[in-house]
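Got chain A; can you put chain B on it based on the hints?
Protein chains: 2
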Amino acid sequence: MMYDCIIIGSGPAGISAALTLQANKKEFLLFGSEELSQKIVKAETIHNYPGLTDVSGKEFCAALKAQLSAAKITVKTEKVAGVYALKEKFSVMTQAGEAYEAKTVILACGVESVKQIEGEETYLGRGVSYCATCDGFLYKNKTIAVICTTKALEHEIGYLADLAKKVYLIPMYKEVEIDRENVTLIRKMPVKIDGEMRVKNLTFADSPTEEIPSVLPIDGVFMLRDCVSPAVLVGGLEMQEGHVVVSRDMSTNLKGCFAAGDCTGRPYQYAKAAGEGNVAAHSVCAFLK
Amino acid sequence: MMYDCIIIGSGPAGISAALTLQANKKEFLLFGSEELSQKIVKAETIHNYPGLTDVSGKEFCAALKAQLSAAKITVKTEKVAGVYALKEKFSVMTQAGEAYEAKTVILACGVESVKQIEGEETYLGRGVSYCATCDGFLYKNKTIAVICTTKALEHEIGYLADLAKKVYLIPMYKEVEIDRENVTLIRKMPVKIDGEMRVKNLTFADSPTEEIPSVLPIDGVFMLRDCVSPAVLVGGLEMQEGHVVVSRDMSTNLKGCFAAGDCTGRPYQYAKAAGEGNVAAHSVCAFLK
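Read top to bottom, the protein sequences are chains A and B. Per our numbering, residue 1 is the first one in the first sequence, and the count goes up by one each step. Per our numbering, residue 1 is the first one in the second sequence, and the count goes up by one each step.
Same shape as in the complex, but just chain A:
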């Protein structure tokens, strides 16, 4: 089936786009997570979202969930691995290997609050991976490092530990539950990914522990993050200082590809995101004509 639009991201931008596409009777998919947005859930009180007085992040999320449900919109929780711009259509691949086609795409995938590590982009596809299920098999019986930003992705660490000989886990959250013989915890962030043709070492400012050297030999690094940079998701997308370049109608440099919310730049605000999602959806409707 060919959808009118695929929305990637279930924060206020993606939801706003979905509500407007639904009101305009378009066929679309909304990819996101069950909790809609980790950032919102964690927000304390929101003081400046028009219409909701001093709501907590959890209340806002609950309101959005109720609204999606009332509008009969479901969130697909499969992770998106890549978006491919084909001739007059887009193919959206999930990490599970499914492909979905649509005439347009709205990127509403947020911004990664965690900085990239030096060498990350250089070695992407040559030892650096963002997807455990896509690339895990390449590291059977090898030594890998896994940098994981959220507990929600811990099952992917388990999957990698089943395959690899040795896993150095660098978690960016507190309560690590994974307990495997071949997984060693490191509570320091690396400063650099190094190598030649492929990744060879992960470098720390100092030795993380007595047993682990500051230059740690590895075969690969997995970066398991909440949200992936739109540039990584969509090849050829024009970016500027980490943000998708958009016009006032939220169109990007790729025809039929629109963006909305934090991924388009500051201010990182719910009202802005909701507004841009709305505009992007209207632009999709105009584009489909």
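There may be inaccurate statements among the hints.
Stated by the list, open to error - Each computed PhoX-like pair below joins lysine-lysine, with the alpha-carbon atoms no more than 25 angstroms apart: (1) A:Lys65 x B:Lys58; (2) B:Lys142 x B:Lys192; (3) B:Lys25 x A:Lys42; (4) A:Lys58 x A:Lys39; (5) A:Lys166 x A:Lys142; (6) B:Lys65 x A:Lys58; (7) B:Lys26 x B:Lys79; (8) A:Lys103 x A:Lys87; (9) B:Lys42 x A:Lys25; (10) A:Lys142 x A:Lys165; (11) B:Lys151 x B:Lys165; (12) A:Lys188 x A:Lys166.
Please keep in mind that the hints were generated in silico from the structure rather than gathered at the bench.
Below, chain B without anything else, positioned relative to chain A:
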């Protein structure tokens, strides 16, 4: 007193800007109307505003009022007559003749849903006026036409009827309550304002009634509208097809003057307006630094 910002308009764009300026501890004035926005009040059900499921226009307005009150923001209901860009500041004049100064301005005055009449712009200031209390005295004992879009402005018709010899009233609402000997109702819209140096005639497609000719001699025309075109409000403002030209940060061609909401263009949507108000307020904060 010199304010950080003056916001003109109390729809979702203006309110969004106000909430964000308040959260950023700025000193500002919010000009608008008691009902906040006539357009919203009249809206039936709003299906696509994220966070509020299928609210009526009245409910949305009530929520916004409650939020303003919780944030201790008051709406100044004096009508704004003009905004003057001075050296590194703005002077905002009200129809009552008060002047307020601010370092920045956010125009959130909506769009006029009523079309301009041919000749309106040509004769602005030469027989065409938007402000009864500003220009009424010029028409003492003269014959004028008053085109009024909303019952909320009926008191201004009364003011004009006290001054003028004869008033032809063309109301765009149903229940006209004004009852004066010198006021004659016309239930047809004129097609053209004509004259030489100054306005001379109001032209209708056909005679509106047996007594009133299709070319009606008058000395002036008052256009009493809910919202005035931003171009009329602010001299030198760059417009395109009836909308204020803005960048992604909601800045206009006038330094320190920002715009948000319907006045910046389609889609005319609450979420877009709220988002743009938020962005404009952040841009004001950045500008003040």
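Q: Verify the proposed pairing of Lys42 (chain B) with Lys25 (chain A), using a straight-line Cα cut of 25 angstroms.
A: holds (24 angstroms)
Q. Given the hinted pair Lys188 (chain A) and Lys166 (chain A), is their alpha-carbon gap at most 25 angstroms?
A. Status holds; Cα separation ~18 angstroms.
Q.
Checking one constraint from the list: CA of Lys142 (chain B) to CA of Lys192 (chain B), max 25 angstroms. Satisfied?
A. Holds, at roughly 20 angstroms.
Q. Do the alpha carbons of Lys103 (chain A) and Lys87 (chain A) lie within 25 angstroms of each other, as the hint requires?
A. holds (10 angstroms)
Q. Has the given pair, Lys25 (chain B) with Lys42 (chain A), been kept, meaning a C-alpha gap of at most 25 angstroms?
A. holds (24 angstroms)
Q: Would you mind confirming whether the straight-line C-alpha gap from Lys58 (chain A) to Lys39 (chain A) stays at or under 25 angstroms?
A: holds (10 angstroms)
**Q.** Pair hint outcome, Lys65 (chain A) versus Lys58 (chain B) [Cα-Cα no greater than 25 angstroms]
**A.** The given pair, whose Cα atoms are some 23 angstroms apart, holds under the 25 angstroms limit.
Q. Does the alpha-carbon distance linking Lys151 (chain B) and Lys165 (chain B) stay inside the 25 angstroms limit?
A. holds (22 angstroms)
Q) Does Lys65 (chain B) pair with Lys58 (chain A) here, judged by a C-alpha cut-off of 25 angstroms? A) Between Lys65 (chain B) and Lys58 (chain A) the Cα gap is close to 23 angstroms, so the pair holds against 25 angstroms.
Q | Distance restraint between Lys142 (chain A) and Lys165 (chain A), which requires alpha-carbon spacing of 25 angstroms or less | A | Cα-Cα ~5 angstroms, so holds.
(Q) What's the verdict on Lys166 (chain A) and Lys142 (chain A), does the C-alpha distance respect the 25 angstroms limit or exceed it? (A) Holds: Lys166 (chain A) and Lys142 (chain A) sit about 7 angstroms apart, inside 25 angstroms.
Q: Take the C-alpha atoms of Lys26 (chain B) and Lys79 (chain B), compute the straight-line distance between them, and say whether it is at most 25 angstroms.
A: With a Cα-Cα distance of about 22 angstroms, the restraint between Lys26 (chain B) and Lys79 (chain B) holds, given a limit of 25 angstroms.
Going through the hint list in order, the structure satisfies each hint without exception.
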